[in-house]
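Sequence lines, in order, name chains U and R.
Residue numbering for the first sequence follows the numbering used here, beginning at 1 and increasing consecutively.
Residue numbering for the second sequence follows the numbering used here, beginning at 1 and increasing consecutively.
If you are wondering where the hints come from, they were derived from the structure by calculation, not from laboratory data.
Note that the Cβ used here is the ideal one computed from N, Cα and C, for glycine as well.
Check the hints yourself; a few may be wrong.
[What the hints assert, rightly or not] Derived lysine-lysine pairs resembling BS3-like cross-links, with alpha carbons at most 30 Å apart: (1) 106/U x 9/R; (2) 54/U x 106/U; (3) 68/U x 44/R; (4) 57/R x 71/U; (5) 106/U x 57/R; (6) 106/U x 5/U; (7) 5/U x 57/R; (8) 9/R x 44/R; (9) 14/R x 106/U; (10) 44/R x 106/U; (11) 44/R x 14/R; (12) 44/R x 56/U; (13) 5/U x 71/U; (14) 71/U x 106/U; (15) 44/R x 5/U; (16) 44/R x 71/U; (17) 54/U x 44/R; (18) 9/R x 5/U.
[Stated by the list, open to error] Example chain U residues on the side facing chain R (calculated, C-beta under 7 Å, incomplete): (19) 32; (20) 42; (21) 43; (22) 46; (23) 95; (24) 104; (25) 105; (26) 106.
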Amino acid sequence: DQQVKQNSPSLSVQEGRISILNCDYTNSMFDYFLWYKKYPAEGPTFLISISSIKDKNEDGRFTVFLNKSAKHLSLHIVPSQPGDSAVYFCAASDSGGGADGLTFGKGTHLIIQP
Amino acid sequence: NAGVTQTPKFRILKIGQSMTLQCAQDMNHNYMYWYRQDPGMGLKLIYYSVGAGITDKGEVPNGYNVSRSTTEDFPLRLELAAPSQTSVYFCASSSTGVNSPLHFGNGTRLTVT
Numbered sequence: 001d002q003q004v005k006q007n008s009p010s011l012s013v014q015e016g017r018i019s020i021l022n023c024d025y026t027n028s029m030f031d032y033f034l035w036y037k038k039y040p041a042e043g044p045t046f047l048i049s050i051s052s053i054k055d056k057n058e059d060g061r062f063t064v065f066l067n068k069s070a071k072h073l074s075l076h077i078v079p080s081q082p083g084d085s086a087v088y089f090c091a092a093s094d095s096g097g098g099a100d101g102l103t104f105g106k107g108t109h110l111i112i113q114p
Numbered sequence: 001n002a003g004v005t006q007t008p009k010f011r012i013l014k015i016g017q018s019m020t021l022q023c024a025q026d027m028n029h030n031y032m033y034w035y036r037q038d039p040g041m042g043l044k045l046i047y048y049s050v051g052a053g054i055t056d057k058g059e060v061p062n063g064y065n066v067s068r069s070t071t072e073d074f075p076l077r078l079e080l081a082a083p084s085q086t087s088v089y090f091c092a093s094s095s096t097g098v099n100s101p102l103h104f105g106n107g108t109r110l111t112v113t
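This is chain R alone, in the form it adopts within the complex (with noise of 0.2 Å):
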């Protein structure tokens, strides 16, 4: 029953390099997210998806991009990594999307230096 998983748990990135941060469920949910958390500070969206095909910008999603080609998988891109982009990533997804929990991997611990 693994639910979401999140690889890599860790890693530390170079300003400028790029890497793929990934994430798949085995729950048939239809929506995905990615969220950020800063030290601190709540969660915030990145981008999200209500099915394969499909992906929308959420509130901070500058300097990342997603694809989803499966309702399995939703891979989170960051192409010129930069100090700002140091945080924990989480990736989400919900069976109906609104009024519905979601179910959170344990995240990607990321460090641009």
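Isolated chain U, as found in the complex (with noise of 0.2 Å):
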């Protein structure tokens, strides 16, 4: 049973263009969404996270949407470069459930091509 989908093994955008990551997530208790990129070989690293109290939180080319009636979620990457070409996890969390950590999604590999 997953509780937060990410339908896009696989994404690639031209050098310079808009890259748009989708998530979705199941449990409405979810209240904490972050995205983190991976490289391979390396550990995930923190990209950008919004609270639900918000719908936008904005981090220079970074940007993450958040549609709580939908439960959707999207990060956009304007403009893409080279080294954004890296796996993109999609993770959520309770708050008041917890501090078992975050729940991730499969996540979209992301290929910028030049």
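Using the hints, put the two standalone chains together into the complex.
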């Protein structure tokens, strides 16, 4: 039973264009959402987060949008750069559910083409 | 500025052997976690700890044990390795546990044959 779903295993985008990565969740108790970026042979690194009290959070080229009614969030990267090629994980937590970490999606492999 | 350090980076075990995956963090974080990532899958929580002396099971704890004698260290023990434990293991820490990002180590790639 996947509570966090990333339905696109891979996504190819041209350099300079916008990359949009999508994530859906089923647990209505989730109230904090994060995106992680992972390069091969490295651990995931935190990219950006959003609380359920917001619908948008921006940090430089990265913007996360949250649609609570649709239980959907997306990560926008503008403009996409070659260094953005990585696997992106969506993660979620229920702040009232204790300290038992994050629930992760399976990841989307983003490939930025020159 | 080491962050979260995991050793070893790679290990091959025979079925039935035991080993300990080491994890240390230097950020004075109370919360620490062990995840495993199987190919094409997301990370799944094995065990976590909210402070020295306190540990709790995550989603997939069977076949593993942990201890937390200090704030810095959170080793993961495999007692009787099985092929199903072939995976990449990630240790992580966070400052407040909820609503705070996890800081990950670079992982240990374990193969059990």
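Outcome of the hint check:
Under the criterion of a C-alpha separation no larger than 30 Å, the hint pairing residue 106/U with residue 9/R is consistent with the structure, at around 22 Å. Only pairs whose Cα atoms come within 30 Å are accepted, and residue 54/U paired with residue 106/U is accepted, the gap being roughly 24 Å. About 24 Å separates the Cα atoms of residue 68/U and residue 44/R, which keeps this hinted pair within 30 Å; it holds. Taken as a hint, the residue 57/R and residue 71/U pair is honoured in the structure, with Cα atoms around 27 Å apart against an allowance of 30 Å.
For the suggested pair residue 106/U and residue 57/R, the alpha carbons sit about 21 Å apart, so the restraint of at most 30 Å is met. For a cut-off of 30 Å, the pair hint linking residue 106/U to residue 5/U stands: about 7 Å separates their Cα positions. Taking the CA atoms of residue 5/U and residue 57/R, the gap is near 23 Å; set against the 30 Å cutoff, the hint holds. Between the alpha carbons of residue 9/R and residue 44/R the distance comes to roughly 19 Å, so the proposed pair stays at or under 30 Å and holds.
For the hint pairing residue 14/R with residue 106/U, the CA-to-CA distance comes to about 28 Å; that is within 30 Å, so the pair holds. Distance restraint check for residue 44/R and residue 106/U: the Cα-Cα separation of roughly 10 Å lies within the 30 Å cut-off, and the hinted pair is therefore satisfied. For the hint pairing residue 44/R with residue 14/R, the CA-to-CA distance comes to about 23 Å; that is within 30 Å, so the pair holds. Proximity of residue 44/R to residue 56/U is assessed by CA-CA distance (about 27 Å); at most 30 Å being required, the pair is judged to hold.
For the hint linking residue 5/U to residue 71/U, the alpha-carbon distance of about 11 Å falls within 30 Å, and the restraint holds. For the hint linking residue 71/U to residue 106/U, the alpha-carbon distance of about 17 Å falls within 30 Å, and the restraint holds. Under the criterion of a C-alpha separation no larger than 30 Å, the hint pairing residue 44/R with residue 5/U is consistent with the structure, at around 14 Å. Note on residue 44/R and residue 71/U: the hinted pairing holds, with a Cα-Cα distance of about 21 Å set against a maximum of 30 Å.
Note on residue 54/U and residue 44/R: the hinted pairing holds, with a Cα-Cα distance of about 27 Å set against a maximum of 30 Å. Distance check on the hinted pair: residue 9/R and residue 5/U sit about 29 Å apart at the alpha-carbon level, within 30 Å; holds. About 5 Å separates the beta-carbon of residue 32/U from the nearest beta-carbon of chain R, less than 7 Å, and the hint is met. Interface restraint check for residue 42/U: the shortest CB-CB distance to chain R comes to about 5 Å, inside 7 Å, so the restraint holds.
About 3 Å separates the beta-carbon of residue 43/U from the nearest beta-carbon of chain R, less than 7 Å, and the hint is met. A least Cβ separation of about 4 Å between residue 46/U and chain R falls short of the 7 Å threshold, and the interface hint therefore holds. Satisfaction of the interface hint for residue 95/U is found here, the shortest Cβ-Cβ separation to chain R being roughly 4 Å, below the 7 Å cut-off. Hint status for residue 104/U: holds, given a least beta-carbon distance of 4 Å to chain R, under 7 Å.
Nearest Cβ of chain R to the Cβ of residue 105/U: about 5 Å, under the 7 Å cut. The hint holds. Nearest Cβ of chain R to the Cβ of residue 106/U: about 5 Å, under the 7 Å cut. The hint holds.
Hint compliance for this structure: no hint is broken.
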